[in-house]
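Each chain, letter by letter, is given below.
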Amino acid sequence: MFKLAARLAWRDWRGGELSLLFIALVLAITSVTSISLFTHQVKQSMVAQGADLIAADLRLNSSQPVPEFWLSKAQDLPLQQAQVSQFQAMVFADQGMQLASIKAVSKNHPLRGEITVGNAAFDLGKAVKHGPKQGEIWPDSRLLASLNATLNDTIDVGQLSLKISQILITEPDQPSGFASFAPSAMINLNDLAATEAVQTGSRVTYRWLLAGPDSALNNLQKQITPLLTNGQKWQSPTDGNANMAATLDKAEQFLLLAGSLAVVLAGVALSLSARRYSLRQAKHVALLKCLGLKPNQLRLLYLSQMILLALLALLISLPLAWGLYQGLLLLVVDYIQASTMIPPLEPFILGAGTGTLCLLAFVLPPMLALAKVAPAQVLRQSSSQSKTNMGHLAIGFSAVITLVYWHSQSLLISSALIVGVVIILILLALLANLLIKLGNKLRPHLGQGGKIGLANLARRKHQNSLQVAIFGLALMLLFSLISVRTFLIDDWQQQLTKDTPNLFLFNIYQQQRESLVDSMEQQGLTTQALTFFPIARARLTEPKMDNPRGDRELNLTWSQNLPVGNSISEGQWWDTSDTDASNSPLEVSIEIDYAQDMGLILGQSLTFNVAGTQHEAVLSNIREVDWSSMQPNFFFVFSRPLVEANSASYMASVYIAPQDRSKLGPLLRQQPTISMLDVDQILQQVQRVVAQLSLAVESILVMVLGAGILVLVASIQASIDERRHESAILRTLGASKSLIRSILLVEYASLGFVSGLIAGVSAEALVAVLQNQLFQMPIQFHWPLWVLTPFTGMLIIGACGWWFNRTVVTAPPLRTLRQT
Amino acid sequence: MSYSTPFLAAHNVSQVVANPQATQTNDLHILQDVNFTIEAGQSVAIVGASGSGKTTLLGMMAGLDSPSHGQLFLAHKDLTQLGEEGRAELRKHHVSFIFQNFQLLPSLTALENIMLPLEVKGSSDASALAHQYLNHVGLSERGHHYPNQLSGGEQQRVAIARAFAAQAPILFADEPTGNLDSETGHHIIELLFELNQQHQTTLVLVTHDLQLAQRCQRRLSLTAGKLTELTNV
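Chains as they are written, first to last, in the working numbering: chain A, 1 to 820; chain B, 821 to 1053.
Derived from the structure by calculation, the hints contain no laboratory data.
Glycine residues also receive a C-beta, built at the ideal position from the N, C-alpha and C atoms.
Wrong hints could be hidden among the right ones.
What the hints assert, rightly or not - Heads up, simulated SDA-like pairs for lysine to any residue below, C-alpha to C-alpha not over 20 Å straight-line:
no. : chain 1 : residue 1 : chain 2 : residue 2
1   : A       : 107       : A       : 127
2   : A       : 372       : B       : 906
3   : A       : 283       : B       : 939
4   : A       : 283       : A       : 296
5   : B       : 941       : A       : 299
Said to hold, decoys possible - Okay, the calculated beta carbon distance ranges per label pair:
no. : chain 1 : residue 1 : chain 2 : residue 2 : range
6   : A       : 372       : B       : 901       : 13 to 23 Å
7   : A       : 307       : B       : 942       : 18 to 28 Å
8   : B       : 964       : A       : 214       : 54 to 64 Å
9   : A       : 422       : B       : 870       : 47 to 57 Å
10  : B       : 913       : A       : 437       : 54 to 64 Å
11  : A       : 395       : B       : 1049      : 48 to 58 Å
12  : B       : 964       : A       : 803       : 26 to 36 Å
13  : B       : 1030      : A       : 372       : 35 to 45 Å
14  : A       : 372       : B       : 1017      : 37 to 47 Å
Working from the sequences, and respecting the hints, build out all of it.
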């Protein structure tokens, strides 16, 4: 039976009967596998970039030295380890002294990422793998500038004199917050004792860096975690940087969504192709039954054929997916850190499983049902009629739910997609029916081709409604994905415009503001975008909070205007004409997450401790803050100054172009009391990630577009036999080729118009849900989509219909009639 | 070999189908109390006007369909006692068909169409036998052509080769010239009877062509679902 199945399958394959089914299956497996491989790689790359930010795969931050036996536990596992001790100490040079943050690193540091060093302050630098040798010190540009020292000078840290062998430009575990403003330097951990800078009671931060396989890290973490004390906390690469984590999270959601859409589309394409194939096989089955094949033998025959098809599809798809994935990697080679490890097995299992499940759910039921075809059908002239089998639909639908959940591992994506698809399919079918009826009214005003085309549409009302639903579904998913891609990339790029601030200046007093601007102008630095924010630290004291977050000091500012990039979610911004009046009540605006965590409500009276003074303020509005922007953001904004103007401290943010970075040293010397936080490296890293993710998102989109086009083709092919037969009859009745062509064009263009119109509206609804629920972004409506999509649908479906039906026009009618 | 059951027979066979347009009282009686017995090696024509139930009767005799009432015998087996699997097994070894609309599989070449019943039977020399029968019907040059590359007459020759290559003892032919012009039809009939003579097959031929029916040993007439034996046509 297997041999017969193979022979028949080969003959069907050769005759082109199986090709669409096979292509749909190959596309399902290829797209799911390659998307999954790529998503996996992107995630790995993200984790690697995150690992760069903490210089390790896992880090323990501790306020006390790491016990020796923990270190030996790690030694027993296949792990690399390094240690860092960070403390503040006075650093002395011939021409000055400065309080600096000293980082003493062991010889393996960093385990991940690179240190860049240069020969002069604010140099572009070159990458090195390890920190300074014993007897050497690497001060950063700010420290070098404030000490007025140069390369090869000697500086003292505590009791130890160290030689400046390099200038520290960047380091992988550079702090990204505003907490560490002090200039810094790196020394060898073996020199730490000799400095005598760390004594009992000194405030030191200890970091234990680990790198190696996940299993070993998990094993160690499991053993150590119960032993952790207060002040000891694990940090993983994903905890590294809040704004990058948010960007990555959105990208991952997009990739999962795209992968799930590819699964749905491939499933629909397979289902349509299987339906057509089974319809065309009905006569074959009747004949085989006449020749004595039993129903069970037929089931076995088709099962064997499907197994063969699946094996062949897997054999082609898995290497194809691997090749496609490699191609995608080549495309993003500048952005993605290519993994050197063996490719993971999971994406291949997911792809193969998707293909098998698709085959079992979409293809096998109609194939096995063929065994029920009455053998007497061979004696009849009529062709098989397609009937929708609700059982098969239910199996297919269950499979889609399983596949989408398996792929996305997200209940939200799965349920939103499934419920959305069901509602939209029903709406599409109903609306299509209505619009086809409306089309009837247009008929009298059209030419001959238009009249027959619209009459055909009306005659096959139910079939066409289904086809519009399928076209509409495919178009809706594609339009949605394009919209999601567009708003995501726009959102990411808006965060990072070319002049996004990359330098933050602190400890600026009122009287220094003008001299800072003068100094910058003297150095030829642009001051146009220089913005000053008054800054103070505050703690909420009333009402008393159980939440430990309520006990922390947070940044505050005061402003007459709503800060750029913030939006009011509750209440109103204060009336700016009143804020100068010192007798008006003090108002405060609070960041939404903080307000929710603390259970604060509008109109509530709150007391803050600002530099030892209590201030009572009314909560007049709650703000949403975009933390992923690189702008200064504040938890509390007050309606008027809380500190005397002359004693207020300010922070400022500014963009420094790469060619101007060498001017920062002289600027610091002119303004020695101002602290500087350089976030250029973080910014560049975020920019790299955004570029990489944008490209990844676009590449995946192209793959899903392929799946969508296949659905369109499968849907067109599903009705092509009937159209071919009708066209042959029309041609024998004297219709010209051009008339047949115009009938087909009217029919498909109308189907495309209706599908596009409905798809545009549905896509808008789906995108709104996704924006709001999945991506936590404000809903935006895209009105041009409503106008554009009907015509896009008309163009795509019209072109596909015309192209795939061209044999309908050119095939000799006699041959067509003979074949049917 | 002696059998207690007839080789090919119908006992009080009726076929009733519900009229989809009306109530049960208006059921359609396609066959009514049909009785006949056919001996092995006989050639029998079933004649009647279009819609008289000829094709339905042929389908039932071959076990493709089941009657509403009555008994049918094929190769000494009571078809009404067999399930679908049993009837299929019987067809595999005892029955061949020739159809009015040829029923060649479009994705198979002429040669492969002839090989198909042999492959279903698991024959080891399907290709050689198929070539042999392709020669018999005069199409040795057209073996690799697909059905749509053959004329109607050529397609029916392939169908005849397929029927005889199966080497089944019973051949059912449903209007074998119905889709052909008279001259081609004539050639096809000559070929059919020649091969039937050679193979000593039991032939049951459905036709509305009385001249064609004359070539058979017996003629049964079906009118409004009732069967009568014609003795003098």
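We went through each hint and held it up to the structure:
1. Only pairs whose Cα atoms come within 20 Å are accepted, and residue 107/A paired with residue 127/A is accepted, the gap being roughly 16 Å.
2. For the hint pairing residue 372/A with residue 906/B, the CA-to-CA distance comes to about 15 Å; that is within 20 Å, so the pair holds.
3. With a C-alpha separation of about 18 Å, the suggested pair residue 283/A and residue 939/B falls inside the 20 Å cut-off, and the hint holds.
4. Taken as a hint, the residue 283/A and residue 296/A pair is honoured in the structure, with Cα atoms around 17 Å apart against an allowance of 20 Å.
5. Straight-line distance between C-alpha atoms of residue 941/B and residue 299/A comes to about 17 Å, which keeps the hinted pair within the 20 Å bound.
6. Between residue 372/A and residue 901/B, the C-beta spacing of about 21 Å keeps the proposed range 13 to 23 Å intact.
7. Judged by the Cβ atoms, the range 18 to 28 Å given for residue 307/A and residue 942/B holds: they are separated by roughly 20 Å.
8. At roughly 60 Å, the beta-carbon separation of residue 964/B and residue 214/A lies within the given 54 to 64 Å, and the hint holds.
9. A hinted range of 47 to 57 Å for the beta carbons of residue 422/A and residue 870/B is consistent with their spacing of about 48 Å.
10. As the Cβ distance of residue 913/B to residue 437/A is approximately 56 Å, the hint placing it in 54 to 64 Å holds.
11. Taken as a hint, the range 48 to 58 Å holds for the pair residue 395/A and residue 1049/B, whose Cβ atoms sit roughly 53 Å apart.
12. Between residue 964/B and residue 803/A the C-beta distance comes to about 30 Å, which sits within the given range of 26 to 36 Å.
13. Checked against the hint of 35 to 45 Å, the pair residue 1030/B and residue 372/A passes, with Cβ atoms roughly 38 Å apart.
14. The beta-carbon spacing between residue 372/A and residue 1017/B, approximately 39 Å, falls within the hinted interval of 37 to 47 Å.
Hint violations for this structure: none, all hints satisfied.
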